[in-house]
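Novice: First to last, the protein sequences are chains D and S.
Here the first sequence is numbered in the working numbering, starting from 60 and rising by one per residue.
Here the second sequence is numbered in the working numbering, starting from 60 and rising by one per residue.
Don't take each hint at face value.
The list treats identical chains as interchangeable, and a pair is accepted whether it falls inside one copy or across any two copies.
Cross-link-like lysine-lysine pairs, in silico, DSS-like; alpha carbons within 27 Å at most [as the list claims (entries may be wrong)]:
#, residue 1, residue 2
1, K99, K121
2, K446, K354
3, K220, K428
4, K150, K194
5, K393, K170
6, K446, K194
7, K220, K232
8, K170, K446
9, K476, K170
None of these hints come from the bench; they were simulated from the model.
Number of protein chains: 2
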Amino acid sequence: MELINATIITIGDELLIGQVIDTNSAFIAQSLNAIGVAVKSRIAVGDDAAAIQEAIDEAAQKNQIVILTGGLGPTADDITKPLLNTYFGGKMVVHQPSLDHITYIFETIHKRPMIDRNRKQAEVPDVCEVLFNEKGTAPGMLFKKDGVFFFSLPGVPHEMKWLTEHHVIPIIKQNFKSNFIGHRTLLTAGIGESFLAELIVPFENALPPSIKLAYLPNFGMVRLRLTGSGNNEQDLNKALNTQFESLKKAVADYLVTDADEPMEVVVGNLLKSKQHTVATAESCTGGYIGHLLSKHAGSSQFYTGGIISYDNRIKTEFLDVPPSILQTVGAVSKEAVEQMAMAVRAKMNTDYAISVSGIMGPSGQTTEKPLGMVWVGVANKEKVVSKVFYLRFDRARNIEVTASQAINLLRLLIINKI
Amino acid sequence: MELINATIITIGDELLIGQVIDTNSAFIAQSLNAIGVAVKSRIAVGDDAAAIQEAIDEAAQKNQIVILTGGLGPTADDITKPLLNTYFGGKMVVHQPSLDHITYIFETIHKRPMIDRNRKQAEVPDVCEVLFNEKGTAPGMLFKKDGVFFFSLPGVPHEMKWLTEHHVIPIIKQNFKSNFIGHRTLLTAGIGESFLAELIVPFENALPPSIKLAYLPNFGMVRLRLTGSGNNEQDLNKALNTQFESLKKAVADYLVTDADEPMEVVVGNLLKSKQHTVATAESCTGGYIGHLLSKHAGSSQFYTGGIISYDNRIKTEFLDVPPSILQTVGAVSKEAVEQMAMAVRAKMNTDYAISVSGIMGPSGQTTEKPLGMVWVGVANKEKVVSKVFYLRFDRARNIEVTASQAINLLRLLIINKI
Chain D
60 MELINATIIT IGDELLIGQV IDTNSAFIAQ SLNAIGVAVK SRIAVGDDAA AIQEAIDEAA
120 QKNQIVILTG GLGPTADDIT KPLLNTYFGG KMVVHQPSLD HITYIFETIH KRPMIDRNRK
180 QAEVPDVCEV LFNEKGTAPG MLFKKDGVFF FSLPGVPHEM KWLTEHHVIP IIKQNFKSNF
240 IGHRTLLTAG IGESFLAELI VPFENALPPS IKLAYLPNFG MVRLRLTGSG NNEQDLNKAL
300 NTQFESLKKA VADYLVTDAD EPMEVVVGNL LKSKQHTVAT AESCTGGYIG HLLSKHAGSS
360 QFYTGGIISY DNRIKTEFLD VPPSILQTVG AVSKEAVEQM AMAVRAKMNT DYAISVSGIM
420 GPSGQTTEKP LGMVWVGVAN KEKVVSKVFY LRFDRARNIE VTASQAINLL RLLIINKI
Chain S
60 MELINATIIT IGDELLIGQV IDTNSAFIAQ SLNAIGVAVK SRIAVGDDAA AIQEAIDEAA
120 QKNQIVILTG GLGPTADDIT KPLLNTYFGG KMVVHQPSLD HITYIFETIH KRPMIDRNRK
180 QAEVPDVCEV LFNEKGTAPG MLFKKDGVFF FSLPGVPHEM KWLTEHHVIP IIKQNFKSNF
240 IGHRTLLTAG IGESFLAELI VPFENALPPS IKLAYLPNFG MVRLRLTGSG NNEQDLNKAL
300 NTQFESLKKA VADYLVTDAD EPMEVVVGNL LKSKQHTVAT AESCTGGYIG HLLSKHAGSS
360 QFYTGGIISY DNRIKTEFLD VPPSILQTVG AVSKEAVEQM AMAVRAKMNT DYAISVSGIM
420 GPSGQTTEKP LGMVWVGVAN KEKVVSKVFY LRFDRARNIE VTASQAINLL RLLIINKI
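Take the sequences, apply the hints, and build the full model.
Specialist: Written out as structure tokens, the structure is:
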């Protein structure tokens, strides 16, 4: 048993000018962590040979595993492959299975002629082990030097994911024996980070040094994570479970879930377990709550549908919000969201409904209704409940926070806490 | 004039185990880039004093600017502040304006008693310049050593953004004179990366070495970016504009926009310019198209609303899709999406409509309808057009690609290309 460390190197100028957000690293880190490999750092560098080489050099000194993504495409700014060829002292050769696969993709799927630069994607350094890429045209590669494994993967997310799952992880498991790493994560709602920390001072003080506690706060919802490692999987799990039980007891009043899952999955599971359904009536979130409820597999079991009533006319015509409400208290009001929730539930004939109406910014405020003011409503057959929030974020974040607070309010209604 | 280089260091175990996706780095990189500072690398490290210190040491050797985010919260896993205090040889002192602000946040906004660990957030090393944080409880800090500026910011995105805009960028502009960096970005649709590269070979070969071309592909849509730098802003802009005009001519048949903006903004601007409106009827995307259309400020000028017809019952009851269609050709069909588009347009009385119905996975396929099969429809008062796609991604990516293809189809209808 030994500690296996890894570094992830992502390549591309777009990462350094902020044009894209790197989601690949998080996926790779999760996958490595699950098999006991500790990611010690993640580094992003540009399409720049010297910078890439320096990052590889440094990573190789401290890690047994180095994973590179990006720079394997067919265009001139993709320099990773020739660079690795030179770095590891190889020469380029055609990899026939990859060439056959690329030919198949172009001739059979795209139905377009293959051009030279596509054909070139099948060329690989003769000093690497090819990781066949069933999902695309750029083969993955594995280089070995002085006991360090260097994996090079394309940056296209679904190709990178497939190669990680089908090649990288199995190869690491076969070649390295690592310590076990374990996590336990729970989600709380209704208490801020500082108060939560105060509440669990006794727990935190009694925590053995081998287990670490981390706080991941997110506007009134805080995720708590315990992490431990050890060379005996059973002992590690036992220690983590014992601590996790104490932690759950300490935060029982605020506990949403003891799994590492988002709020909408918690609520989806509650609904599925009772074979109940929900409909949505969204104004300011414009469909985002529907998206959250439907983005996970199996959501058709509980999510029936919704009305996006962005324009006030739609609130009246589709959700029977009386013009008198819109003219007096307005669309951002208790009266409006309660009517929206009741109407969409009745019209779509579901067990529950969620509704929202608010001012997400950057404009639209009035003297009585500030930016970030949002009303959230939830209803079942017996009652309707609503709540107002005053958010202080930008438009994107206000939409996200509104959605998760609305789904949390539905959770409280389902479990009879409101 | 000199080249100003920066490194961004993000701190938190959650980044190394893949529990959260780092969006802070992209924002900081964009902001630095806009004032001519080149981000040379981005590094993520855990809540680990040795790793943070090593990252700072290395960054200081190669950069004039080092930006750290994360680890400034009130809990025990937040170790950045004491670490920086030791690193720069200071002692902790209370920063009165921050203490007043924290007191105000707790007493006036949260209406909760302030506890010791909140009060402690107002303590800062006496060797730093405090960056007052109007948006939260953790003050930002600036340390200077051997000509290098080290900024430490909280990891909470909206606080980090506010501090970057109001403190970091103004301070850098005041203290460093850098080269100018310029970008020009355009978006193409309907041509793959390899064919696009082939099409612009003459352009790429004629490009001066001072200007770089990058490809950012995304399923049938490719973003092309030109980047140049120079010490004379006017000369740089002139050179970039000349090349950008040639590039636009070369890709004219596939050009969507010559600005760095997403597809839904292009379509929103087209609609706004004609004072036209759009409604949505979504099945498999569950509200995501509505979210894209409404997430940008000003969307109420053109987005009226939509029906999320996740359950087939809603397709019949709200969008008049005849049960006979659902029973014969099914919900994932040309007939269903065309009816959905026409119905939602008529019922919401808009100029245009978008509809989608498909199988996003991981299950739900039949022998005739494979996973990833999706029909997309668009309509105006005169006609309805539909198109089928066969996607090969995971559920999340299938939803994203469907949405952007549907919005692109609307674009083609608006500009009379279909």
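Novice: With reference to the structure, classify each hint as holding or not holding.
Specialist: We went through each hint and held it up to the structure:
1. With identical chains, the CA atoms of K99 and K121 are at most 27 Å apart both within one copy (9 Å) and between copies (21 Å).
2. With identical chains, the CA atoms of K446 and K354 are at most 27 Å apart both within one copy (25 Å) and between copies (23 Å).
3. In this assembly of identical chains, K220 and K428 lie within 27 Å of each other by CA distance solely across copies; the values are 25 Å between and 46 Å within a copy.
4. Taking the shortest Cα distances, K150 and K194 sit within 27 Å of each other inside one copy (25 Å), while across copies they are farther apart (55 Å).
5. In the homo-oligomer, the alpha carbons of K393 and K170 lie at most 27 Å apart only across protomers (23 Å), although the nearest pairing inside one protomer, at 56 Å, exceeds that limit.
6. When the C-alpha separation of K446 and K194 is checked against a cutoff of 27 Å, the pair qualifies only between copies, where the shortest distance is 24 Å, while the shortest distance within a copy is 47 Å.
7. When the C-alpha separation of K220 and K232 is checked against a cutoff of 27 Å, the pair qualifies only within one copy, where the shortest distance is 17 Å, while the shortest distance between copies is 40 Å.
8. Taking CA atoms no more than 27 Å apart as the test, K170 paired with K446 passes between copies only; the shortest distance there is 17 Å, against 55 Å inside one copy.
9. Taking the closest pair of Cα atoms, K476 and K170 come within 27 Å of each other only across two copies (23 Å); inside a single copy the shortest separation is 58 Å, beyond that limit.
Comparing the model with each earlier hint shows no violations; every hint is respected.
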